[in-house]
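> The primary structure of each chain is shown beneath.
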Amino acid sequence: MNRVLGVFAVVAIIYLGLMSSDPQARSPENHQNLERRIGEWGILTLGVGFVILTGGIDLSIGSVVCLSAVSFGLILENNGPPWLAFMAVLSMGSIIGLIHGFLITRLNLQPFIVTLCGLFIYRGFAQLLTQINFGTIGAALTTGWPENARLLRDSSRNIGLAHPENLAWLTTLQKGNFPLGEWIGIVWLDIPNPLILFIVLAIAAYIALECGAFGRRIHALGYNEQAARYAGIDTASHKIACYVICSTLAALGGILFLVKVPSAAPASAGNWYELYAITGAVLGGFSLRGGEGSILGLALGTAILPLLRSLVIFAGIPSDLEFMVIGVALLLGTVADELLRRGSMSGVRRAG
Amino acid sequence: MADLPSNKRFLLEARGVSKAFLGARALADVRFGIYSGEVVALIGENGAGKSTLMKILAGVHQPDSGSLWLDGNSIILNGPEDAIRHGIVLIHQELNLAENLTIAENLVLGREPTWGGILGLVDRAATRVIAINALNRVGLVIDPNTRVGDLALGQKQLVEIARALSLDARVLIMDEPTSSLSHQETERLTEVIGELRAKGVAIVYISHRLSEVSKVADRVISLRDGCNSGDLPREDITHDAMVRLMVGRDLTRLSRSSAKAGRVLLSVSGLRHQASPPGGISFEVRAGEVVGMAGLVGAGRTELAETLYGVRPMVAGKVTIRDNAFQPGSPAKAIKQGLLLVPEDRRHHGLILAESIRSNISLPNLKGISSAGWVSRQRENKMALHGIAELSIRTTGPEKAAGQLSGGNQQKVVLARWLAANPSVLMLDEPTRGVDVGAKSEIYDLIGKLVDQGLGVLMISSDLEEVLRLSDRVLVLHEHGLAGELSRDELSEEAVMRLATGTAPRRTTP
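From first to last, the protein sequence lines are chains A and B. This note's numbering puts the first residue of the first sequence at 1, with every later residue one more than the last. This note's numbering puts the first residue of the second sequence at 1001, with every later residue one more than the last.
Just chain A, same shape as in the assembly (with noise of 0.2 Å):
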């Protein structure tokens, strides 16, 4: 609890000083716009939560949003129903998760390198489909190989919305607000429909992980993953749910990220999302070694990124050193996180 404390008043401090930067900051418009980012970057940082949680890291989280926004835009380009469409890329990413999963618990490989591979794998085959003529196919099978044909385009592309009329739901889940404001009366506290979305899918993993048997068996597994396996704990498929739960996460991020856009370049959308994720969780107080972690500070720590994004834009900062700016933030907290432990250290060690 102390270090959700803790990562609540690094939130706090960040907040004030971008409040004071610059009036442009206290606008509500800015207030929507960075609830907006914290809920679509929080979806992702639920599902490495997750998986930080069993001791494993998740890599391919960016290229998985860029296959799924790619994958999206190409089912309803070629008319296929916008609700098919969601559901085929959401199993997509439970299908990739799985396979993480099992290559990690079934093979014993690393969690780094299965999901680097991923990292390389989904995007490069993000492009490829992004280049396969699918009305070539289409013709194919009906008439016949047409003259001239080709199945490969010369090089990949952009693949934008394609009848947004028919995606209603899905806009309004992207770009509308709940209308808390509206009903009581203060127009700025209308929340963006992503940051609701966030926060109900951090209730669900609130109660999973806190209240329910399942959580207990990541936290213990993460922790000591020996000592679960004694205690009678199906370590294996635990490991691979948590994969699958954050894959998952990752495809419904990417359908968001083309309803926002609208238009995916495979070669550049999603880019550093995964890290991005991994920088949430570790600020909101995960362990890399696993077994620590807790949603509040994951909910503090995903907001953490977006707010010094905005600081460094309305303090002036020129954006080229956003990256250096982020990364100093970083090392400063875990520095002062060792050093607060350090200080604190009530006796029990991790075992081996």
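The set of hints was computed from the structure by calculation and includes no laboratory data. There could be a bad hint or two in this list.
[Unchecked claim] In silico SDA-like pairs for lysine to any residue, Cα to Cα no more than 25 Å straight-line:
{"no.": "1", "chain 1": "B", "residue 1": "Lys-1008", "chain 2": "B", "residue 2": "Gly-1037"}
{"no.": "2", "chain 1": "B", "residue 1": "Lys-1400", "chain 2": "A", "residue 2": "Ile-113"}
{"no.": "3", "chain 1": "B", "residue 1": "Lys-1367", "chain 2": "B", "residue 2": "Asn-1422"}
{"no.": "4", "chain 1": "B", "residue 1": "Lys-1336", "chain 2": "A", "residue 2": "Lys-175"}
{"no.": "5", "chain 1": "B", "residue 1": "Lys-1333", "chain 2": "A", "residue 2": "Glu-225"}
{"no.": "6", "chain 1": "A", "residue 1": "Lys-175", "chain 2": "A", "residue 2": "Ser-294"}
{"no.": "7", "chain 1": "B", "residue 1": "Lys-1336", "chain 2": "A", "residue 2": "Glu-225"}
{"no.": "8", "chain 1": "B", "residue 1": "Lys-1382", "chain 2": "B", "residue 2": "Lys-1400"}
{"no.": "9", "chain 1": "B", "residue 1": "Lys-1382", "chain 2": "A", "residue 2": "His-31"}
{"no.": "10", "chain 1": "B", "residue 1": "Lys-1055", "chain 2": "B", "residue 2": "Val-1297"}
{"no.": "11", "chain 1": "B", "residue 1": "Lys-1400", "chain 2": "A", "residue 2": "Ser-294"}
{"no.": "12", "chain 1": "B", "residue 1": "Lys-1336", "chain 2": "A", "residue 2": "Ala-208"}
{"no.": "13", "chain 1": "B", "residue 1": "Lys-1400", "chain 2": "A", "residue 2": "Asn-2"}
{"no.": "14", "chain 1": "B", "residue 1": "Lys-1367", "chain 2": "A", "residue 2": "Arg-3"}
{"no.": "15", "chain 1": "B", "residue 1": "Lys-1333", "chain 2": "A", "residue 2": "Leu-107"}
{"no.": "16", "chain 1": "B", "residue 1": "Lys-1367", "chain 2": "A", "residue 2": "Gln-226"}
{"no.": "17", "chain 1": "B", "residue 1": "Lys-1333", "chain 2": "A", "residue 2": "Lys-175"}
{"no.": "18", "chain 1": "B", "residue 1": "Lys-1215", "chain 2": "B", "residue 2": "Tyr-1035"}
{"no.": "19", "chain 1": "B", "residue 1": "Lys-1336", "chain 2": "A", "residue 2": "Gln-226"}
Just so we're clear, the structure is a prediction, and the values are computed from it rather than from any experiment.
Chain B: place on chain A using the hints.
For chain B alone, coordinates are given in the frame of chain A:
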């Protein structure tokens, strides 16, 4: 040592050495001496203080009191490097070779011959010469550029000895050198020891295998409970004499209320894991009895329990629990059948140290106290408080982290967890290791109570006193096989040790 020439001076001697760890006495006023060109075997039960003495001789530990003498001069060893400088080299049971480097690189590690002045380039030719010379001394004919990782265990052992010799070792301390060697490799090692002795090297030989000891040793020094318990000159070294020195005391047996064994709860036949000898192990555990499992460290007791529990793969065998066929595969499966394990390594396998007593007790029992995946805090607290009361776990409350408890109370938490899990057969692996005396007798009482309630208990223990005190029958393991079974009438420390050291047909002459 009256029979030894008194004018001869010990090469290495320890006088009145005492050592305690965290208040627990490991050695008290122990003396030890070895002449050059002599092989002295250091024997004793597990925990008798052999390894502590050995580490003091090698400079790893410093004695609390007492002194070390080399060639009649008092020496102080502040670390292993000090000892090596004096020519005292310890060869660990787990060999300390860099498996990724070649034999030659290992032999000169840390003192590589170099050329090129400040550049410090390794002189490969000189390295090779040093390596070939060193290997010749142990009679190992092999290309020094072979990677150590590619060698057989016996060869690695010889490389380790070669390295010790190239450090100009005058005293070689070998800790269980044959524990993982094949028969031929052991023979070869025995020859090498003979050659080294002829060259005047003093060899301290620590082994559980008494048959080997009687082959190689010129003199035996026995330790018991951290004290000298007697020496044997060459002509008196017999298996029985050594067992008598190691075990010593005549224990009056403290028996529990005589239990009546009931139906067979666990039946094991031909059980084998990867290290098992052909044939495997067969035994039964009945309701209402404590079956002790004795054996030396490395005899395969823990491996046996872990195989039944499903932590390590079973290669062959048939297991039934309460007459139902059971295929070990995972702890979850074993737990479902009421076959539970209290592991030897509490800190790594037994508990989640950072978590509360409450969650440690409930961890394997979550299903019973949750509905639709939601854990009922109320029922969980009840379970934890019940465990704390029943086992009288001394704590300020159920929320205290398990890592903050004493060893005895930690063990009680593991036991409380399994009592809540509806046990049928309880496997206890070293149940009182690191447990203080008070908690120990509480655990003994608990075991008695459980057995009276109709549980079967399989108790692995290296504490012979404990085995004798609690067991209705004792299975003795030796090198992963069943060396024998002792009924309550046949039970004595000597009988157990004889089976455990693997010399059941008694030797009469050395």
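> Now tell me, hint by hint, if it's right for this structure.
Here is what the structure says about each hint:
1. B/Lys-1008 with B/Gly-1037: Holds. B/Lys-1008 to B/Gly-1037 sits at ~12 Å (cutoff 25 Å).
2. B/Lys-1400 with A/Ile-113: Status violated; Cα separation ~38 Å.
3. B/Lys-1367 with B/Asn-1422: holds (13 Å)
4. B/Lys-1336 with A/Lys-175: Cα-Cα ~50 Å, so violated.
5. B/Lys-1333 with A/Glu-225: Distance ~17 Å between B/Lys-1333 and A/Glu-225 Cα, so the pair holds.
6. A/Lys-175 with A/Ser-294: Not satisfied, since the Cα-Cα distance of roughly 29 Å exceeds 25 Å.
7. B/Lys-1336 with A/Glu-225: Holds - the C-alpha atoms of A/Glu-225 and B/Lys-1336 are around 20 Å apart, at most 25 Å.
8. B/Lys-1382 with B/Lys-1400: holds (15 Å)
9. B/Lys-1382 with A/His-31: Measuring from Cα to Cα gives roughly 47 Å; hence the hint is violated.
10. B/Lys-1055 with B/Val-1297: Holds, because 18 Å separates the two Cα atoms, which is no more than 25 Å.
11. B/Lys-1400 with A/Ser-294: holds (19 Å)
12. B/Lys-1336 with A/Ala-208: holds (24 Å)
13. B/Lys-1400 with A/Asn-2: It holds: about 17 Å lies between the C-alpha atoms, which stays within 25 Å.
14. B/Lys-1367 with A/Arg-3: Distance ~30 Å between B/Lys-1367 and A/Arg-3 Cα, so the pair is violated.
15. B/Lys-1333 with A/Leu-107: holds (22 Å)
16. B/Lys-1367 with A/Gln-226: Holds: B/Lys-1367 and A/Gln-226 sit about 20 Å apart, inside 25 Å.
17. B/Lys-1333 with A/Lys-175: Judged against 25 Å, a Cα distance of about 50 Å means the pair is violated.
18. B/Lys-1215 with B/Tyr-1035: Given that 25 Å is the threshold and the Cα spacing comes to 18 Å, the pair holds.
19. B/Lys-1336 with A/Gln-226: With a Cα-Cα distance of about 19 Å, the restraint between B/Lys-1336 and A/Gln-226 holds, given a limit of 25 Å.
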